[in-house]
Structure formats: structure tokens, C-alpha cells
Amino acid sequence: MVLKSREESVSSYDVLIAGGGNAALCAAIAAAKGGASVCIVEAAPKDWRGGNTRHTRNCRLAHDEANATLTGPYPVEEFWDDLQRVTKGHTDEELALMTLERSKELWDFLSESGVHFQPSLGGTLSLGRTNAFFLGGGRSMLNALYITAEDLGVTVHYDTRISSLEIEDGFFIAAETTRDWQTDTPITGRIEARCFVAAAGGFEANIDWLKDAWGPAAENFLIRGTPYNTGGVLRLLLDAGVQRVGEPDQCHAVAVDGRAPKFDGGIVTRLDCVPFGIVLNARGERFYDEGEDFWPKRYAIWGRLVAAQPEQVGHVLIDAKSFDLFMPSVFPPEKADTIEELAAKIGLDPANVRGSVDAFNAACIPGDFDHTVHDDCRTERLDPPKSHWARPLDTAPYYAYTLRPGITFTYMGVRVNRDARMVMADGTASPNLFAAGEIMAGNILGQGYLAGIGMTIGSVFGRIAGERAAQYVRN
Amino acid sequence: MTAIDLAALATAPQQEVARQMGVCNACRYCEGLCAVFPAMELRRTFAAGDVDYLSNLCHNCGACYFDCQYAPPHPFAVNVPSAMAALREESYARHAWPPVAATLFERNGMTVTLALMLAVAVFIGGFVWASDPAALFASGLEAGAFYRVMPHNTMVVIFGGAFAFAIFASMMGVIRFWRAAGPMPVTLRSLWRAFGDASRLRHLDGGGMGCMTENERPSDKRKLYHHLTFYGFLLCFASTSTGTIFHYLLDWPAPYPWWSPVKIFGVLGGIGLTIGAAGLLIERRRKHPALRSGGDGGLGQAFIWTLFLLGSTGLVLTALRATPAMGILLAIHLGVVFAFFVTMPYGKFVHGLYRTAALVRHAHEQASIK
Ligand SMILES: Cc1cc2nc3c(=O)[nH]c(=O)nc-3n(C[C@H](O)[C@H](O)[C@H](O)COP(=O)(O)OP(=O)(O)OC[C@H]3O[C@@H](n4cnc5c(N)ncnc54)[C@H](O)[C@@H]3O)c2cc1C
Ligand code: HEM
Ligand code: SF4
Ligand code: SF4
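Taken in order, these protein sequences are the chains called A and B.
Heads up, the first sequence is in our numbering, so the first residue is 45 and it goes up one at a time.
Heads up, the second sequence is in our numbering, so the first residue is 639 and it goes up one at a time.
No wet-lab data here; the hints were simulated from the structure.
None of these values were measured; they are calculated from a predicted model.
Where hints are given, some of them may not hold.
[What the hints assert, rightly or not] The list that follows gives simulated cross-link-like pairs (lysine-lysine, DSSO-like), each with its CA atoms no further than 27 Å apart: (1) B:925 / B:859; (2) A:90 / B:859; (3) B:1008 / A:365.
[To be verified] Short, incomplete list of chain A residues facing chain B, as computed with Cβ under 7 Å: (4) 101; (5) 165; (6) 179; (7) 180; (8) 181; (9) 183; (10) 187; (11) 191; (12) 192; (13) 305; (14) 311; (15) 373; (16) 374.
[Said to hold, decoys possible] Distance ranges between label pairs, derived from CB positions: (17) A:208 / B:834: 58 to 66 Å; (18) B:827 / A:420: 37 to 45 Å; (19) A:170 / B:826: 30 to 38 Å; (20) B:862 / A:515: 40 to 48 Å; (21) A:109 / B:862: 31 to 39 Å; (22) A:255 / B:1008: 49 to 57 Å; (23) A:391 / B:862: 13 to 21 Å; (24) A:255 / B:822: 51 to 59 Å; (25) A:439 / B:862: 27 to 35 Å; (26) B:1008 / A:391: 55 to 63 Å; (27) B:680 / A:425: 37 to 45 Å.
Cβ coordinates follow ideal geometry from the N, Cα and C atoms, glycine included.
Pulled out of the complex, with its shape left as it was, chain A reads as follows (with noise of 0.2 Å):
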């Protein structure tokens, strides 16, 4: 018997579909369906297969009509006008419609696919009517995803990257593959295929890339989701003369606890409590209006305002009065009887703090204080002022929590047609060329953020992207 030389190893699908989340499990499902050939690629190992999929909670989706979980009707004129609204017209208005219209299919094709939804029950965000809910998260909806790509016969490998693809004039040949890449014995292999669809993410965990756009400051930030997602698809299809839509330094980026892991670390990291005290900076000084607006309206825009600070760095503090009044955190804050003491414990110099909170506390005037609605608790003549729910910290203990800017995801991509085509640089789009998911989500999302939006993308544009695939590898 001859031993093959595994570097060699070549096969062939009709479907190729680089990354293993919501986007490329969507089109495994609609191109099998279709009646072709699929071969799932997947960079990370089985047990960290999803990207930040598995982060994910919940879809937003347009509907008629009420239904068991959705609790009302959510049109696509309503759809459409949250999307102006948040992108301020940053958006491809013939795509996005199209979206919004196709995200009506969503719940019965993710059913069907054996995902199950749940009612929204707590939570600060009210979403019930808008957002559709996995039972179980993101993990559960990729599971029931993955069970029905395998039972629809398609192949996934694991532990495999997409290291380099053979695209002639927009026409895709074949992509080299890397298995094992993470070892020190890397296969490589090649995979022909009529179609590529590239469902790979974006670059948020590529430190360097964000280092280009961002500047060294990015060395300190935290990747909310998968450190699978490096943009190495993306480089290749750019440099394949694929347009480009978005810009690098746009990411939506949100302050999240600065203990959280470097990685993945999802949900858990997020603080809901800066509405109720006072955030300092490393100098121990305040630096933008706590109390500006509620925290979901919010929490996108202190990402940067902590990036700009000196080390990327912040410092929430509350006091006993506030420590219930929003959602527990993962990890715990540090506590203290005194200002002076709990600014000593988070490496601040005691005097600036104490002088901060004095002068915070001064300018406090009194007030009906209501964290449910846009309250009358305010600071005078306070620079930056707290707009709403300033209270004095005057109650011990005092507690403190570190903030750090948390990368959800780039917008960044690369351009497509209605049919999920890759559009290139010509103004062409590519036959055999397509994209679905975070890695093109910037057509529509040119800016800003709607909460459920990138599921309904990837789930969309999956869709589309494996359904006009197995037409073309039909005809």
C-alpha cells in the first residue's frame, strides 16, 4: 500500500464555506437543501467552533403579528426606521430593505432547523417584541444548526483554516487549507470548489490590524468574542480585488469589566452600573457624563470614551445606596469603608480621588431620585456635569469597578450584491463568489447598532448566499 502524503490531500465540493457561525451554517443548510455538496471549514477546534456566534442571544426580527414569544407586531417600516435611525444613513437602502423583508422567513427557517425560541423573562433590555430569543443562547442555536448541516450530509472540518484562495479575475478555483494549524505539525490541504462562500467574521481579534487604525492604545483592548476571528479570509479576498465597504477604525466597541479574559469573555463582562456612580479615569478624574442616558442607549459610546483615556482605563464608583440596582456581575467589586481606602485598593492616589468625589458630591442638587426614568438627581456647575441620577457618595461601603474598552465586532467587510455575490473592485460582481454574515455586515450596518441585527444578517445573507450557490452549481 501507498501512503498518501497527507500535505497532498485534495477533494472536491460543490460548496466551500470558510468559518463555522451563524452566517456559514445558514448557507450549509440552504445550499444542501439545494442538492449540492457543502464542506464546512472551520478554523477552530470543536469545542470553540461557532465564533461569536455562540456569544449571542437573541435575533431581531420583522413580523405581522404577535406569536408565542414575540410579544407584538414588528413591521419592516418600524425595522427599517430603528436602522436609519442608529446608522444615520450609513446603509445600502436596496440591501437593507431586503433584509429587514427576509428576516420575516427567519423564524420559521431557524425552526425548522431545529432552533428553538424562548420568551424574553428579565433582563435590562426589553426586546421581547422585537427580538426573537434562543432557548439556551447562541451555543444552543449553533448545536441545533450543526445537527441539521450533519444530518443534511454536510462535511465540517475542525482545527481548520483557510490559508490561502486561487481566485482568478473574481473567479473562484480552489482555497488552501491549514488543519491543525495551531500545532507544530500543520497539514496543509487543498479544497476545489464551485462556489466559495466566505462566513468567516471579521477582524476584532486581530490586535494588529486594530493597532493599524487604532493606534498602540488597542494593545489594551479586551475581545468580547472569539480570538478565531483575525480577518485572514477578509485580507485575502481584499487583496483578491474584492471591494471594500467600511472603514478600519470602525468597531463597535463598549466598556466592559477590566478583569474580563483577554477573550471570549462574552455576556458575563458587561457593568451595568455607571449610570449610579461616578467614573474616574487613571488620574483619579472624572471625564464624560455618567448620567447622560439610560445604560443600553449608552454603553456603546464608553467604549471610546475609555479608549481615549490614559491606559484604557476607567473606574466605576458606587456606593451602598446603588449596589442593587442593577444586574449582578461576574466579578466581584472591590470594597471599601472610605473613598481614601477604596482608591488605595485600585492603585488611584487617594487625594485626587477624594478630591473628585468631593467636588462631585458638592455639586449634587436634591431630587426625586428614580433609576426607571430620566430623573431629576443633577450636578451644578460640575464639569462634565451627571444629567441624571447623581447621588452624593456617601454611604459605605463603596465599592469600584474597572472598565475597559470590550471590541464586539469590525465593520469592515467586503461588498455584495442582493444575491450575496461579492461585488469587485470593477463594479463587477463575482459568479461564484460569495458572502454572508459579520464579513460583510458593513453594507448594512454602516454604523452604529441595532441589538439582534447581526444574527438577522448572517442569517439572511446565509441563507441567500447557499441558496444562489446550489443554483449555480445546478445550472
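Given chain A, work out where chain B with the ligands should sit, using these hints.
Chain B with the ligands alone, transformed into the frame defined by chain A:
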């Protein structure tokens, strides 16, 4: 640059469950899966009694392990089913009555095996010694044959006594468990709800997806086998109770014809118990390694084997009672029954009581927040 500053990973099962509940409470993605998560959300901190209670609410369906984005190899290392299984077993020992009996949980497999062997041996020996050895090999078809081997009143005294002790000791344990989680009234409404949930094993189904044993593919087999076991057990119990009623109230001693309730309950129950226990044993083998609880001192294994023997020896006895093997089979079956009773408060049997008690608390708690 950053440190994961969670409470240091503790080995004590209670601390580990409390730590994991801290992560879950900040996440809450699993809130639709079962009763544990809504109960957790009512708390911000987790005291000893809380974690004991939450662990006994968990039905070990496995869903929240396969669904968790913080499951190992994630550094947060969340594996709720396994942490709770370890704590459950530890909590049975901690609340056992009398407290010295806690040690019986440690090498439970050994304890139960010894009890089984000893009881069977004593019954065989007792029969030989106390009655006409020939009776041991007599066929059981003639009226009163069973009682020639062992007089009915002796049987009632021995088994009634063992059963009464088992119930008393188990209830003492449950009461200690209940008190540890703090005072709470027991209302008819919460009892009704809890019995409904327990009898359907409502929470052994991953919130509607089915439980997950081997991998993330849901399957309802464990629920089915448990129903066979549980209802099989109840039928066996009903068979014995009707037998006692027939004997004393209707003056109708064994053996009973096949169509009598005693026989029908007994045979159906025995079949359920045997198949159910065998199925549960198979499903245990299939379990994903991450779901096998760390501190399993053989509790589950010993309990299932006892139930399997209970059902199967009863069935064999029924099938062969017309043969000379009847006496010896009766001794074996009675030995198993006796060992089951005396080990009942000190093994996995109490899971049914603790879990039902936890469901009662949960029903009351949920009703009072609405
Ligand atoms: C903490 C957090 C919470 C979120 N919550 C929500 C939410 O509730 N609702 C919502 O709509 N959105 C949410 N998002 C955004 C959402 O995660 C993304 O929009 C969505 O997951 C994108 O799906 P995707 O399939 O395009 O990418 P991903 O799910 O990120 O998948 C990308 C895949 O590509 C693989 N990959 C990368 N490079 C390669 C390569 N070279 N070769 C092969 N494979 C590669 C990765 O391993 C990964 O499997 C959240 C994001 C985060 C970080
Ligand atoms: C008294 C009658 C009962 C009997 C004979 C019985 C029997 C069993 C057996 C043999 C097991 C398997 C043990 C293991 O795998 O470790 C088991 C597990 C279990 N039982 Fe029971 N049980 C009874 C009552 C109950 C009740 C009342 C409940 C619910 C409140 C319940 C819920 C469970 C659950 C959730 C499991 C875990 C399933 C698993 O891990 O496989 N049981 N039971
Ligand atoms: S088990 Fe995991 S996913 Fe579920 S609530 Fe807990 S931390 Fe969240
Ligand atoms: S019953 Fe299932 S979902 Fe609930 S805690 Fe236990 S294993 Fe997790």
C-alpha cells in the same frame, strides 16, 4: 494585563456551585431551560442552603452544559450539571439522619452491595433454620406455600419495621435539608404543582429540546427509562399494598391468580422496574465524560442495580413459583427487598424526596413573586 479575579476555584462542592451560579446570574442565557435558572435569578448571593436547594432542583438534563459558552475549556469552567450532581450527593450525606450515617454515603456502592449480600444470606439461612428445610424447595402453587417458608406475620413485622425505619430516617433527612434552605410554608398549591412537575419530570427535558446525555443531540431516553423505573416502582408498591389489604381485610392470602390486582400490578411494575433500571444503566455508560459527576461514590450505580434486582428477582419468582426453586428465589427476593429498605435513607433513593422537596420550595417561591 488582566487577571481573572473570580473567587478562587474551590473544591468544596457548595463553593463551586456558588461560583458557577455567580457566572450564570450575570449571563442568564439558560433561563428558559429549567427551574434552576429562574430560582437563581431571585438571588444575588448564594448561601449554603441556597446552593443545596438549587442543586436538588437540577434534573441533570445536561442541556445547560452543552449550551454554555463558558463550559471548559473556557477559563470560567462552567459545568452546572456536574457541579450540582457532586453537591447533591454531598448534600444527601450532610443531611442524613442519624448524622453518623453520613459515612454510609462515602463508599455507597460497597455499603449497598454488602447490605444486599448479607440480607440475602440471612434470609436463606433463616429459612433453613426456622422452617422445615423441605419447605424451601416446595412448589409455591398450593395455598399458603409462601407462608410455610416464612410466616406472614413474621414477614409483616420484619418488612413493616424496615420500611417504617426507612421512611422515618429519610424524612428526617429531608426535613434537615428543607430547614437549611430557610423557613418556607408548605402550601397545598405548591405541593400540587411540585407533584405535577415531579410525576412528569417536567425539568428533565432541556426546556423542551430534550435532555442531552452523550452529546448535544437531544434524546428523551433517560426520561422514558426513569418513567418506567418510577412508575414500575410505584406499581410494585401498589401490588404489595393491595396484597396486605387482601390478606388482612379480605382474608385472602397469597398466592393470587394472574388477574388479581396484586399480580397485575406486580408483574407490570416488575417489568417497568427491570427495563427502566437496565435502560438507566445503559444511559449512564453513554454519558459524556464531562457530565459524570466528580464525587460519584457509586450512589447512582448502586441504586439502579438494587432496583434492577428488585424487579428482576420479583419477576423470576413469579415465573418460577411453581417449581422447587420457589423457596430459594423467595429468600433472594426478600433479601433484596430488605436490603433496599434499610439502605433507602442512605443512598440515591433520597434523590426523589429531595428533588420533590426542592420543587415544592420552587413552586412556592415562584407563586409568591407573581
Ligand atoms: C459578546 C457578544 C454578544 C453578541 N450578541 C449578539 C446578539 O445577541 N444578537 C446578535 O444579533 N448579534 C450579537 N453579537 C454579534 C454577533 O455575534 C455577530 O454578528 C455574528 O455572530 C456574526 O456571525 P458570523 O457567522 O458572520 O461570524 P462568527 O459567528 O463570528 O463566525 C465566524 C467564524 O469564522 C471562523 N474563521 C475565522 N477565520 C477563519 C479562517 N481563516 N478559516 C476558517 N474559519 C475561520 C471562526 O472560527 C468562526 O467560526 C454579539 C457579539 C458578541 C461578541
Ligand atoms: C421513588 C421513586 C423513584 C425512583 C425509584 C427513582 C429512580 C431513579 C434512578 C434509578 C435514577 C438513575 C440514577 C443515576 O443515574 O444516577 C434516577 C435519576 C433521576 N431521578 Fe429518580 N427516582 C424516583 C423518584 C424521582 C422523583 C420524584 C424525581 C423528580 C422530582 C426524580 C428525578 C430524577 C432525576 C431528574 C434523575 C436524574 C436523571 C439522570 O441523571 O439520569 N426521581 N431516579
Ligand atoms: S450555564 Fe453557561 S450559558 Fe447557561 S446561564 Fe450559566 S453561564 Fe450562561
Ligand atoms: S436541569 Fe438541565 S438545564 Fe437545568 S441546571 Fe440541571 S442540567 Fe442544567
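Verification of the hints:
Restraint check: the Cα-Cα separation between residue 925 of chain B and residue 859 of chain B comes to about 12 Å, which is no more than 27 Å; the hinted pair holds. A C-alpha spacing of about 25 Å is found between residue 90 of chain A and residue 859 of chain B, which places the hinted pair at or below 27 Å, so the restraint holds. With a C-alpha separation of about 26 Å, the suggested pair residue 1008 of chain B and residue 365 of chain A falls inside the 27 Å cut-off, and the hint holds. With its C-beta approaching chain B no nearer than about 6 Å, residue 101 of chain A sits inside the 7 Å limit, and its interface hint holds.
Using the Cβ-Cβ criterion of 7 Å, the hint placing residue 165 of chain A at the interface with chain B is satisfied: the shortest such distance is roughly 5 Å. For residue 179 of chain A, the interface hint holds, since its Cβ comes within 7 Å of a Cβ in chain B; the closest pair sits about 5 Å apart. A distance limit of 7 Å between C-beta atoms decides the matter here; for residue 180 of chain A the minimum to chain B is near 4 Å, and the interface restraint holds. Here the hint on residue 181 of chain A is kept, as its CB sits about 3 Å from the closest CB of chain B, short of 7 Å.
For residue 183 of chain A, the shortest C-beta to C-beta distance to chain B is roughly 5 Å, which falls under 7 Å, so the interface hint holds. Annotation: interface hint on residue 187 of chain A holds; nearest CB of chain B at approximately 4 Å, less than 7 Å. Annotation: interface hint on residue 191 of chain A holds; nearest CB of chain B at approximately 6 Å, less than 7 Å. The interface hint given for residue 192 of chain A is broken, as the beta carbon of that residue sits about 11 Å from the closest beta carbon of chain B, more than 7 Å.
With its C-beta approaching chain B no nearer than about 6 Å, residue 305 of chain A sits inside the 7 Å limit, and its interface hint holds. For residue 311 of chain A, the interface hint holds, since its Cβ comes within 7 Å of a Cβ in chain B; the closest pair sits about 6 Å apart. Interface hint status for residue 373 of chain A: upheld, as the beta-carbon distance to the closest one in chain B is roughly 6 Å, under 7 Å. The criterion of a C-beta within 7 Å of any C-beta in chain B is met by residue 374 of chain A, whose closest approach is roughly 4 Å, and the hint holds.
Separation of residue 208 of chain A from residue 834 of chain B is about 60 Å and conforms to the stated range, judged on CB atoms against 58 to 66 Å. In this structure, residue 827 of chain B and residue 420 of chain A meet the distance hint of 37 to 45 Å, their C-beta atoms being roughly 44 Å apart. The beta-carbon spacing between residue 170 of chain A and residue 826 of chain B, approximately 35 Å, falls within the hinted interval of 30 to 38 Å. At roughly 43 Å, the beta carbons of residue 862 of chain B and residue 515 of chain A sit within the given window of 40 to 48 Å.
Judged by the Cβ atoms, the range 31 to 39 Å given for residue 109 of chain A and residue 862 of chain B holds: they are separated by roughly 36 Å. In this structure the supplied range 49 to 57 Å holds for residue 255 of chain A paired with residue 1008 of chain B, their Cβ-Cβ distance being about 52 Å. Checked against the hint of 13 to 21 Å, the C-beta distance between residue 391 of chain A and residue 862 of chain B comes to roughly 58 Å, which is inconsistent with it. Distance hint for residue 255 of chain A and residue 822 of chain B: a CB-CB separation of about 56 Å, consistent with the stated range 51 to 59 Å.
For residue 439 of chain A paired with residue 862 of chain B, a C-beta distance near 56 Å fails the hint of 27 to 35 Å. Taking the beta carbon of each, residue 1008 of chain B and residue 391 of chain A are about 46 Å apart, not inside 55 to 63 Å as hinted. Under the hint 37 to 45 Å, the C-beta atoms of residue 680 of chain B and residue 425 of chain A, about 43 Å apart, fit the expected range.
In this structure, the hints that do not hold are numbers 12, 23, 25 and 26, in rising order.
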